[in-house]
Amino acid sequence: MQTTRRDLMRTALLAPVAAGAIGSARAAGPYKVGFMYVGPVEEAGYTYQHDHARKLMEEKFAGKVKTTYVENVPEGADAERVIRKLAQSNDMVFTTSFGYMNPTVKVAAQFPKVKFEHATGYKRAANLSTYSARFYEGRFLAGVIAGRMTKSNVIGFVGAFPIPEVVQNINAYALGARMVNPKVTVKVVWVSTWYDPGKERAAADTLMSQGADVLVTHTDSAAVQEAGEQRGIWTIGFNSDMSKYGPKTCLTSVVSDWSGYYIQEVQDAMDGTWKSHDTWGGLKSGMVVLAPFNAALPKPVADEVMARRQDIIDGKLAPFQGPLKDQAGAEKVPAGGALSDQQILGMNWLVQGVEGKI
Amino acid sequence: MHELEFLLAILVATLRAATPLMLSGFGELITERSGVLNLGVEGMMLVGAVFGFIGAVSTGSLLAGFILAMLAGAALALVFGVLTLSLMANQVATGLALTIFGTGFSALVGVSWVGTPIAGLATAIWPHLSSAPPVLQQLMLLDPVVWVAVLVPFAAHRFIYRSRAGLVLRAVGESHDVAHALGYSVLRIRYLAVMFGGAMSGLAGAYLSLCYTPTWTENMVAGRGWIALALVVFATWKPAWLALGALLFGFVTIAQFQAEGLGIDISPNLLAMLPYLATVVVLVLISRDATRLKLNAPAALGRPFHATA
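If you read the sequences in order, they're chains A and B.
Okay, so the first sequence: first residue is 0 according to numbering that gives the first Met the number 0, each after it adds one.
Okay, so the second sequence: first residue is 0 according to numbering that gives the first Met the number 0, each after it adds one.
Wrong hints could be hidden among the right ones.
[What the hints assert, rightly or not] Coverage of chain B stretches by chain A, computed from C-beta distances (three or more under 8 Å per stretch; other residues unrestricted):
hint, stretch
1, 121 to 129
2, 209 to 217
3, 246 to 256
If you are wondering where the hints come from, they were derived from the structure by calculation, not from laboratory data.
Model, not experiment: these values are computed from the prediction.
Positions of the beta carbon are idealized from the N, C-alpha and C atoms, including for glycine.
If we strip away everything but chain A, and leave its shape as in the complex, we get:
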């Protein structure tokens, strides 16, 4: 009795919304694209980069594309409901966090005419693409900077969780730094959270007290950049350009730029040429870029970094090319070889020169 009534009310409430949505989607109006974010649309950070790209994309198609977004959607039961709502009123839906993978797959099967794009996942369908950025390429270049700038030969790394993406980035830093300065070690501290400015700050202070003079982070706040600025220690930012938190000390940031990808995908979808695919873009496609260098970075170092960047783009240099040794000194990749994408995606070991545990 009660269930029936509740169901009736729900249907009554949703019916006009759904009808309106279907009506406008079929009309010749603008192409509708929905975005779903895991965090708040702030001034900097992972979600900010996605939203910034959304705005650029909408501007680019002036009037032909209409976007909507939902922020702060937890990676839980709510996600599926939000994706379904977005699918009801859009022609294309981008879900931008790893934890949205299964709900996106489920909803995509129920809306075969809507095109879905899921960031950082690995499950695809005829109307579901995946995309992600090779942050490690940017991290490798930042490692070159860190290796050149350190005097104590200790680089501090504040990590969130020991998942493959973070492990890739630690290793890329160590390899980039040790390519130009073999004496470098990378000290890793895990804060076991993506976001707790207080803990990130405490971790940064700890690394400084243990001799680190360049700090890098793979967490979501700017606490490490602020700590570096306060105490006169170099830092390198992540996700967004963090220079405003460290005007004197933040050397550069490894930044994701999704705008080119979003423009391309929406263009393809409107032209009817869109096909399900997997994209893992890096420096070459411009999905990963380095933020403008700090004025304190010496010109020769800047030039060297740009030269290595070109090498990676031209395919002459791969961050994970042999010879690669693990922490114990055992050879993982012989000289002349390189890790495959599959091996990089599942990376669960640290390279020689990293002090820390997974």
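Dock chain B against chain A, hints included.
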């Protein structure tokens, strides 16, 4: 010399990590000693953090920020007071609601302030901090709020055990009917205690947004309010134990990172769990002796007061 420098760094980091717990913990201790349980510490800290930040940025004065933070915390506590003391709403439910409200309200108020960078208190006092030698830098990082947090346990101990006002506070917390019969205004004293708790939580929040990580971001208190609440029980409402608990908690947080950085072979998950584990263990140990816990807990804690005569 290098070892000394390292120890100093650990000491300073411990004090700084303990400061927000110390401030909000003592606010809550006084509140609970008056017989009121306010579970809204996390919410009051967030509101203090955001208003402290807005006050400091818009007036250019960190002092104004701290004052505004304390006023905002006290104002939120006043709302709690009106609901639970005058209208006699359930304290647990109202306190939880206060935390949920504070979390959302601070996010709403602070939305256009997110990511605005400011110089923290230590840098404002010592403009040359970033280029000072390491030992001096550590001393400079001990800003005035940390010193306040160091002095608070002594002041609270003196107030609770050595002053007439403290005796009245305890009387109200132990038996509001007796205190009322003796002619004390139970509600007035409880209002004052609740608002003091709010002001201290506001200050603790402002310490986070103006000193520890000088910035405002949503939900930046990240659970410290709940830890402060647990510490009050952990301390069995005694100032000395609360001070010890806050320092211990600060130290374990720092020790976890130090151990990892030094390559000491302990699971980081285990280390991250340690502070919480310590609290649970102490709670279990205390409650084994149920009478002791009963003797220490304010007898009227959480019970509404209605003047019958």
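Hint check:
no. : hint       : verdict
1   : 121 to 129 : holds (count 4)
2   : 209 to 217 : holds (count 6)
3   : 246 to 256 : holds (count 3)
Every hint from the earlier list agrees with this structure, and none is contradicted.
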